[in-house]
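Protein chains: 2
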Amino acid sequence: MDCIFCKIVKREIPSQIVYENERILAFRDITPQAPVHILIIPKAHITGLNDISRDHTELLGEIQSAAKEIAEKENISSSGYRVVTNCGKNAGQAVDHLHYHILGGRKFSWPPG
Amino acid sequence: MDCIFCKIVKREIPSQIVYENERILAFRDITPQAPVHILIIPKAHITGLNDISRDHTELLGEIQSAAKEIAEKENISSSGYRVVTNCGKNAGQAVDHLHYHILGGRKFSWPPG
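These protein sequence lines are chains U and P, in that order. When we follow this note's numbering, the leftmost residue of the first sequence carries the number 664, and every step to the right adds one. When we follow this note's numbering, the leftmost residue of the second sequence carries the number 664, and every step to the right adds one.
Think of the hints as simulated: they come from the structure by calculation, not from any bench. Note that the structure is a prediction, hence the values are computed from the model and not measured. Check each hint, because a few of them may be wrong.
Note: identical chains are not told apart, hence a pair may lie in one copy or across any two.
Subject to a maximum C-alpha distance of 27 Å in a straight line, what follows is the list of computed DSS-like cross-link-like pairs (lysine-lysine) [said to hold, decoys possible]: (1) 752 to 736; (2) 673 to 770; (3) 770 to 752; (4) 752 to 706; (5) 770 to 736; (6) 670 to 752.
Sequences and hints are given; from them, build the entire structure.
Below, the structure is given as structure tokens:
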């Protein structure tokens, strides 16, 4: 397995982990685009949103709940934050392991890229 | 209830609905920022990601599954798409009813706003 996020899960690559449970890991983006920029991933390898099945429904919901909890911990709940996932080439998906970005600590413009 | 998205759910305001099930509705954004720009909402009124509880986990997962299915229907699965939710002022949340944007049909830049 050559996936950089799987290596982060296995602690083969260091990362600044901010949240972890049995099925989910969250860590700081190494090229942050905002004062707070965290990635939330499932520990299991799922390439992207195109590759989810009905079996992943609860896991996907837990990722959204984790986003809310992380925003609270990072003190961006009241000021606001954007949650983004990129799927495929047009969206600029950089790592082929499903990940949700949480960005906060500044104002965000529209459209989102 | 003065929420515009609740009114769309109740068909008090017209919209171009592209997907519907018991708990979720998806319709085209009236100010599209990409060739495909759809909003997915829970039919129940939830203000935003800050207001979700553990009871919403499955619903939130279903919304992500709906995003995948809608991308397939709209023929943006293979070219790629971005899924975004804005929570609060800094993110520019425009309607206080939880909604996820699916955007596709063009390239997206980084950062996402």
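Cross-check of the supplied hints:
1. 752 to 736: between (32 Å within a copy, 18 Å between copies)
2. 673 to 770: neither (34 Å within a copy, 33 Å between copies)
3. 770 to 752: both (26 Å within a copy, 8 Å between copies)
4. 752 to 706: within (23 Å within a copy, 31 Å between copies)
5. 770 to 736: Classified as within; 19 Å inside a copy, 33 Å across copies.
6. 670 to 752: within (23 Å within a copy, 35 Å between copies)
Checked against the numbered hints above, the structure violates only hint 2.
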